[in-house]
Amino acid sequence: MNLAFYPGCSLEGMANDYARSIIAVFEKLDVGLVEIDDWTCCGATAAHSLSDAMSVVLPAKNLAAAEKMGLDIVSPCANCFNRLTYSRKMLSKNIYDVPWNVTGKSKVHDMTRFLAQPDMISQIKDNVLMPLKGLNLVSYYGCQMVRPPRITGFTDYENPRTMDHIAEALGANALDWSYKATCCGASIGLGRRDIQLTLSARLIQKARQTGAEAIIVSCPLCQANLDMVQTEKGSQKVPIFYFTELMRLAFEGKACSIKNFRMHLTDPGPLLRKKALID
Amino acid sequence: MEQVTEKKDTYTPKEISATRRIIGDRGEYFLRSVEGETMANISACYQCERCTNACPVSIYMNINPHQVIRYVQLGWREELLRSTTIWVCLSCEMCTTYCPNDVDVAKTVNHLRNMAFRSTVPPAEKVLAVFHETFVKELQRFGRVNEFWLVGSLNSHPDVLKEKIKTGALKEELFLGLELLKKGKLKLIPHRSKEMKKIRDICLKETRGTI
Ligand code: SF4
Ligand code: SF4
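Quick mapping for you: the protein sequence lines, in order, are chains A and B.
When the first sequence is numbered by the working numbering, its final residue is 330 and no position is left out of the sequence of numbers.
When the second sequence is numbered by the working numbering, its final residue is 267 and no position is left out of the sequence of numbers.
Hints were generated in silico from the structure; no laboratory data involved.
Any given hint might turn out to be false.
Claimed, not checked - Within a straight-line C-alpha distance of at most 30 Å, the following computed DSS-like cross-link-like pairs (lysine-lysine) qualify:
(1) B:K218 with B:K250
(2) B:K254 with A:K158
(3) A:K119 with B:K250
(4) B:K238 with A:K158
(5) A:K325 with B:K238
(6) A:K184 with A:K79
(7) A:K119 with B:K254
To be verified - Okay, the calculated beta carbon distance ranges per label pair:
(8) B:Y102 with A:D89: 32 to 38 Å
(9) B:K182 with A:D170: 36 to 42 Å
(10) B:L260 with A:A327: 56 to 62 Å
All of these numbers come straight from a predicted model, not from anything done at the bench.
Ideal Cβ positions, reconstructed from N, Cα and C, are used throughout, including at glycine.
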């Protein structure tokens with residue numbers, strides 16, 4: 052089975068470690084990723100702020116390309132997933148002037164939900180070489196992946212569980228907490244840093260109160276934000292992992308080098324060594 | 057026409073009739089146009105404030121989300137376009153998700169933000185407005201948005217630069233940028249799409265060439 056892979060702009064820059072871990076993980080799974088040729092930006096948070104119609108038309112290029120490939124799209128970034136899904140839904144109304152031909156036959160999958168399907172979970176379990184025993188973590192989904200539910204299709208938008216299922220399949224303890232889908236304020240960081248810091252500091256504090264030693268995320272913007280605010284003095288460190296990084300660690304065991312985590316600003320080394328997951 | 061904008065405990069009869077006039081003619085028209093363009097079900101709001109309670113940033117807004125809906129019903133366009141609300145909103149969709157009456161509050165706020173971009177009303181949060189514009193400008197340059205170029209061209213905007221020097225944010229960002237560069241998190245040379253012409257045409261058409 053193959054999927055059209057839409058990485059999104061972040062995975063080329065700030066989140067290129069996320070991209071590498073995804074590729075390493077999918078090599079082990081029974082699913083091929085084919086990158087969409089010459090994909091372009093989905094418009095993210097800015098295009099719809101300027102014009103809602105622009106945010107519908109811009110992603111159409113990628114939808115059309117995937118249809119030409121005859122594959123469903125998988126998106127690792129929560130924001131891209133949201134924009135592509137919204138675009139696909141609105142284009143079906145046929146009221147926009149679009150230079151590409153989109154029929155809507157390619158579905159858009161969010162990567163966590165795709166991997167949390169029962170058959171993928173059993174594949175993940177088969178591939179685990181080193182269970183992540185004793186690692187207490189919380190999963191954080193953010194806004195764009197789950198809301199609004201009528202676009203994203205999440206029925207459990209108040210308590211999403213997709214990454215929790217994956218973490219449990221890897222042998223880690225996924226803890227319950229109330230802030231799974233509370234906004235981290237990343238998108239406002241370049242303009243109003245005070246708001247961003249207030250929102251994300253609260254998330255980290257709550258995660259710590261829950262007893263989490265790490266947070267797993269799937270959104271590159273959330274990762275960058277939660278990782279970066281911890282460079283502020285005085286805050287206690289909680290490493291922020293992409294969920295595929297932990298999959299890779301469990302799949303490769305001791306062969307997975309600490310170098311794979313070198314791009315984190317909040318160094319996960321001490322935690323992983325304490326749990327004897329890495330040398 | 058006299059407008060009543062400040063909140064007071066009591067209003068003079070003249071002020072009350074001024075408010076009524078606004079509800080009467082402008083309100084109907086504005087409500088119908090916004091509702092028609094967003095399909096946001098604005099008339100169904102019964103002011104339960106659930107949207108405002110769900111909103112993570114309502115304390116930073118001068119008009120709360122439930123008030124935005126009421127203001128649209130009243131036709132108070134200028135107050136809305138001048139508000140900090142439309143810029144501070146994170147599009148987190150909490151308000152829409154929890155509204156019991158299916159009012160699409162987030163879409164309404166976003167629609168007002170779209171209107172503000174096309175109006176002559178100066179934005180209450182200058183840096184945030186410039187950020188959105190810069191993002192789309194960068195999108196038109198390569199087809200993909202590169203963080204390094206994005207922050208660079210945002211900070212070279214005169215208004216942003218002034219603001220950031222004043223608050224000291226620029227220094228912080230420079231240190232952070234250096235750290236990111238050392239970690240290999242920045243890609244310096246972006247990929248350029250082959251279909252730039254089509255992408256530029258879309259942006260030009262939708263932004264009416266304003267950026
Ligand atoms: S939650 Fe809905 S009905 Fe309640 S005040 Fe907000 S928009 Fe109105
Ligand atoms: S979408 Fe905007 S107005 Fe609605 S809850 Fe989020 S920040 Fe508040």
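Go through the numbered hints given earlier and state which of them the structure violates, listing their numbers in rising order.
1, 4, 8 and 9
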